[in-house]
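Visitor: Residue numbers (the numbering used here), protein chains in the order written: chain Y, 5 to 280; chain G, 5 to 280; chain U, 5 to 280; chain S, 5 to 280; chain B, 5 to 280; chain E, 5 to 280.
These are computed hints drawn from the structure, not numbers from a lab. On a predicted model such as this, the values are computed, not experimentally measured, just so you know. Hints are supplied without guarantee of correctness; some may be wrong.
It does not matter which identical chain is used: a pair holds within one copy or between any two.
[Claimed, not checked] In silico DSBU-like cross-links for lysine-lysine, where the CA-CA straight-line distance does not exceed 35 Å:
hint, residue 1, residue 2
1, K232, K97
2, K43, K253
3, K232, K59
4, K227, K276
5, K232, K275
6, K152, K267
Number of protein chains: 6
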Amino acid sequence: MRGQIFTLSHEQMLKYTAENPFDRFPDGRPKVPDELLEKAKGLSIEEVWAVLPGKGYRMQYAGEGWRIMHPEKKLIGRAMTLQFMPMRPDLQKAADPNAAGGPRIAPHQRFIDVLQPGDVAVVDLYGKIEGGTVVGDNLATAIWNATKRGLVVDGAIRDMEGIFPIGMPVYYRAVHPTPIDYATTMVTGINVPVKIGDATVMPGDVVFGDSGGLYFIPPQFMKEILDKADITHIHDEWTKMKLDTGKYKSSDIYPSPHDPALKKEYEEYLKKRLGK
Amino acid sequence: MRGQIFTLSHEQMLKYTAENPFDRFPDGRPKVPDELLEKAKGLSIEEVWAVLPGKGYRMQYAGEGWRIMHPEKKLIGRAMTLQFMPMRPDLQKAADPNAAGGPRIAPHQRFIDVLQPGDVAVVDLYGKIEGGTVVGDNLATAIWNATKRGLVVDGAIRDMEGIFPIGMPVYYRAVHPTPIDYATTMVTGINVPVKIGDATVMPGDVVFGDSGGLYFIPPQFMKEILDKADITHIHDEWTKMKLDTGKYKSSDIYPSPHDPALKKEYEEYLKKRLGK
Amino acid sequence: MRGQIFTLSHEQMLKYTAENPFDRFPDGRPKVPDELLEKAKGLSIEEVWAVLPGKGYRMQYAGEGWRIMHPEKKLIGRAMTLQFMPMRPDLQKAADPNAAGGPRIAPHQRFIDVLQPGDVAVVDLYGKIEGGTVVGDNLATAIWNATKRGLVVDGAIRDMEGIFPIGMPVYYRAVHPTPIDYATTMVTGINVPVKIGDATVMPGDVVFGDSGGLYFIPPQFMKEILDKADITHIHDEWTKMKLDTGKYKSSDIYPSPHDPALKKEYEEYLKKRLGK
Amino acid sequence: MRGQIFTLSHEQMLKYTAENPFDRFPDGRPKVPDELLEKAKGLSIEEVWAVLPGKGYRMQYAGEGWRIMHPEKKLIGRAMTLQFMPMRPDLQKAADPNAAGGPRIAPHQRFIDVLQPGDVAVVDLYGKIEGGTVVGDNLATAIWNATKRGLVVDGAIRDMEGIFPIGMPVYYRAVHPTPIDYATTMVTGINVPVKIGDATVMPGDVVFGDSGGLYFIPPQFMKEILDKADITHIHDEWTKMKLDTGKYKSSDIYPSPHDPALKKEYEEYLKKRLGK
Amino acid sequence: MRGQIFTLSHEQMLKYTAENPFDRFPDGRPKVPDELLEKAKGLSIEEVWAVLPGKGYRMQYAGEGWRIMHPEKKLIGRAMTLQFMPMRPDLQKAADPNAAGGPRIAPHQRFIDVLQPGDVAVVDLYGKIEGGTVVGDNLATAIWNATKRGLVVDGAIRDMEGIFPIGMPVYYRAVHPTPIDYATTMVTGINVPVKIGDATVMPGDVVFGDSGGLYFIPPQFMKEILDKADITHIHDEWTKMKLDTGKYKSSDIYPSPHDPALKKEYEEYLKKRLGK
Amino acid sequence: MRGQIFTLSHEQMLKYTAENPFDRFPDGRPKVPDELLEKAKGLSIEEVWAVLPGKGYRMQYAGEGWRIMHPEKKLIGRAMTLQFMPMRPDLQKAADPNAAGGPRIAPHQRFIDVLQPGDVAVVDLYGKIEGGTVVGDNLATAIWNATKRGLVVDGAIRDMEGIFPIGMPVYYRAVHPTPIDYATTMVTGINVPVKIGDATVMPGDVVFGDSGGLYFIPPQFMKEILDKADITHIHDEWTKMKLDTGKYKSSDIYPSPHDPALKKEYEEYLKKRLGK
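Here chain Y stands alone, though its shape is the one from the complex:
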């Protein structure tokens, strides 16, 4: 697959994801450990956001205008990226010469063939709807079986009624009955940086989607986000517990209590819950 369509070489992958503190896949893609992905299920988007902008990462939120299939499930996994651009036969011929002979496999299907367990397929179809339908129910089944995670497509899907029962979280722009149209679009990259909504996504980013939206977390921030989230969880737990008593005004408690006794109570609660 590699070598034809633009792909970051192993060397480039290391260079462009140099801050990754974890292991890597054989092709160099960062491999955030499974246990961190597991822990991330407890995160909320606000906890992700509490860290990233302060580090200069203000554009990791995919923005508005997404439809979500199965918003009741969080989508968490490692990004594998696929990039489309408007069709130009000269560029396509140069990038993908084996298109011309042998048992031809459509480029997006070659991408699906190499997905790993724990991956999320992240597809930049630059918002294309008609003819921008990266999967129907058959290939959606293939993605689900390969990854057990899900799909993000800045474009469309087809066969809503066939995809829904799979139970896979999908973030997409629209549904359209046309199949993908290789007369107007083409694959130009696999595991390259892609633009999804308002964000730049790198291969190996942690995709984090819930009912409030879609985020892409660079691996180097996973630990800090998870650590801070523990405290935020306890803080919010305590805050809501106090507010639920009906005895306090919001400003007595939030963002933090002014009253020294309450302050102390909170600090003890925090300590206890942190298990110290």
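Since the structure of chain Y is provided, determine the placement of chains G, U, S, B and E on it from the hints.
Guide: Here is chains G, U, S, B and E on its own, set in the frame of chain Y:
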């Protein structure tokens, strides 16, 4: 009702739906048999789409921007069409002279009065929202009782909370509290060709709506679509079954297996399932 | 041309434009006299609007979203209408059987062939842009030579650089390089009621376009509008003359003077200017 | 809190809500009685709309483009209003001088602190999304505990996953991860007239939201709306009951029966149900 | 005029524009001196922008979506503000009781009556188009004669063909033929803070419009902006002069020269041009 | 410049523009000869379009939504491309390590520094407006002096009033006062394939812009387009000449004459004008 507002005459109806292979209603409208409507419940939109564009019918999909009430039920039935245009008193007076005397019945209600079991009311209100609300809960109840199918309106409805419990599939653009406003719109045709979203709909077309969108199938293609769909069903069943084993890459199986043994397995499966 | 594509018969034309007080073309289309079209050059859109809504004609304004070529020239003439709808081969074959043999002329070109001096070509392409380009520079030249008036298209044109130098007023939605695409659209009517923006247009309506927008005036109101406009002209002339002295507050003068002396002055001015 | 940020004085509140027939809160805000709020649960939006436009109140519907959290619950309560405008430090400093010292409480939190049981927080954030997120899950909990009613924000919320489980009805424009951004927006008024969608809302208005949209009912119309609604309820009940028999065309029954026997039947039903 | 409709009292005006360093009108509105308005003609929007965000004023740009009449003239003057809100008869009756008797003058016309030379009429019609047309040609003439500056309306105008020849700069959203519709909108404030596009405008702000957009400059920044602009002018003059020689790469010269000789040349040029 | 930010290597440039029949710049970018650029001034967009889709190049039109500065001048030149993506500090640091020390030059300015005479700067800012302003008047002057051609930016510019007098054709999305914001965007490529509107642009493509839109012509088609255009020119010249006589219906002449005498006349005209 007829004779006043533009309606295809019996002769015109035969001429403009000349390819209909089925019976007709007394007014000439094609009557796709009930058993085909019944069989159509098993169709997916992709199976419809697999046939129509290849026949030169590329514009039978109503496009995007619809809200669906009860997407969990498929909407399938024969189109009865109602056309509105922006109000012009001179044209309305000429088209509907009995508007002036006797126990006046609103034109859209006369349309509802003649709906038949198995019909879908298809209303072209050219996207009008304020004052473009063709039914509230009372007339929606009337449509439901008359057709047991549903309503498509390229315009609005009112009284969401009253219509929802009826359990009828409705495809619509918006909800608005205003009643229909005959100072700004008027009925100009019943059972004439209408434009619904991106499609031209003829009386007698099979309306096919599911959670993925809305289609209008000319009667002459119903049999071919249903025949091809059987094979597609079995193909997708087998494809997903294979992919669910986790033993294959997507391209081993889809769109069709390369491996001769798999190929043979599929062909036998197909034959068996087709009952041959 | 007639007989194939929907067209109002002579009898229907008389029925649906029954309030026309003027002569008619041989096909029954109202023919507002040339001298009234000439006088209409002095009208402003507000003078048109001062009459129509009060008669129940609230929807004769084409609404927003138009581009205007040569807004420095008013567009005034008699509507010839052309209606397109999304393509359906069965309907097209029935409506236009001679499409199949002989020296085929594209339907929109047959429409252009019958335009008369004083006509405005009014084309309902339902906002279609790609493949909805009713003319390029050659056919625009043909419209100009036939009518010396202009073109309204609720759709697109192509060849901006070739059309502009003709000097013809054109109201259109967009420019696109594609030629008109008869695989996705078809002509369904000539001289039938059409929807242009927010308005219903009848053949024979007076098209009135200036830099502020586009109106369609039913023939029966032309005289009343022109008569009232004389008084409005004089009123506005006097009002601005007074305001230009810098001696008055707006409410001293507008909408009408309170001061008896000013009132009298205005009335005498009006009488004199009306030539009484 | 008052005195700094624009607020209607007690005298102004009485003047601008002079038609309120009910008690008032200490600050002058109208207090529609609890039993009327309770009765309003049986209302539909169409019953509200049946009264207001006829009184000259045509703009009490908030219009389209809202997202609804928990549309299965009606939102009914008394409006407390909060107004934001784009940030101007000079105006903010003048309006809210204590921002500069002491234990600072964010202006929107001071608003939340004074919410009463039965109130609905109505926040004009002029459609601002990024940085226009008036609450996350902690402050949403505070609103819920204070009012047991809900929130309307012509702007955004954050922390969808944390707010949803509270079970509070929220009408909002979008979800965004940013916290509210006091560098680009500021609070300019509490309990002043605000613009929410297409409507002007006064403090003390009855907020009425269901799955069909959002209304603001001036207190002076509550009784008339509720009285008329009883009759409409019975009318619709009878109409649907009749239509459900399948024996009638819609126009036999709706809007009212023509047949004298049916007419009489309806009138007796009405009388009986009204308990007369 | 005052006293009925919301207006900042003299005391409030002083409080909310406390940072104004210049004289004031009798009602307290800041009066930026004529000579500064005159000097402002030499400003570009970028020079305005060079100062305001750094002071915390990031929202003084009216944003996108404006049409400009006479973009070849700069619009510079002191803001007089007029605020509309969606109609509510109870609020209007309370705010404007004399609407009921005597020689009634429409509220927006009372506003036009008090405009001063050097003022710009700034009208918040919250984007309303139909029925949101604050002036036609007569009242536009009145504004022009009173101010010799111009009009900003976040709403519509009517009578394009009559207003254009006046030669007055107008910033507006659309043209519509309807007159202003007091059944759906009402005046709620004169010389109060208003929202125009993305900005909050105070009475007395300097309105600054050119072909690139629309700004509102608080009086307290006028001197600093004008002072800095002198240097920017000379800098840009020198930069372009150098680039026009064709001898330099952009980075040799811009934003400032690296080469010591060039640096010195620039500094001497600056000194000379500043007249030192 | 190269080596840091993604750039096609010389080898890649040759591979991806392999069909270029002309000379190349030292970095491998195709160099369509000056005389062909000169001849292209006579082309219309329709003549470009007459060739490209038939070769499978259907996506070379940049689509709608562009503003054009100086539409009276055609923009013709060789594409130099610049690609931005939403900011990610890790990727930027890897791509552009010298950002950290030495006399820093902003990445987009390094791009401007290497523009050649005959080039068009083609900038993919993915539609970003606020903070997506690639040039103001100083850098626009630099582009003009370097290229004498112009600028295409799928994003914004600032300083309209300063750029306009330069007289350079610019195709852009909007004007905004903010400078380019490197906290939210970053340069990711120079002379790589970019997406501009609906098209993929390669370095060395011929940019062709007129008042009707914007095209990108792969070098390999320049000769064929120019050759065919000669005939189209003569055809249109003859067609309009004939139609201008007023003696013919459009279908007598267009698309080609049916009458044998006219046919012959045209053929002789064509021969003569082609200089044969």
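Visitor: Please work out whether the CA atoms of K152 and K267 approach to 35 Å or closer within one copy, between two copies, in both situations, or in neither?
Guide: Result: close only across copies, 27 Å inter versus 44 Å intra.
Visitor: Using 35 Å as the alpha-carbon threshold, which applies to K232 and K97: within, between, both, or neither?
Guide: between (49 Å within a copy, 26 Å between copies)
Visitor: How would you classify K227 and K276 at a CA-CA limit of 35 Å: within, between, both, or neither?
Guide: For K227 and K276, only the intra-copy Cα distance (22 Å) is at most 35 Å; the inter-copy one is 54 Å.
Visitor: Within, between, both or neither: how does the pair K232, K59 come out at a Cα-Cα threshold of 35 Å?
Guide: both (14 Å within a copy, 33 Å between copies)
Visitor: Could you place K232 and K275 in one of the four classes (within, between, both, neither) given a Cα distance threshold of 35 Å?
Guide: within (14 Å within a copy, 55 Å between copies)
Visitor: When Cα atoms must be at most 35 Å apart, do K43 and K253 count as within-copy, between-copy, both, or neither?
Guide: Result: close both inside a copy and across copies, 33 Å intra and 29 Å inter.
Hint compliance for this structure: every hint is met.
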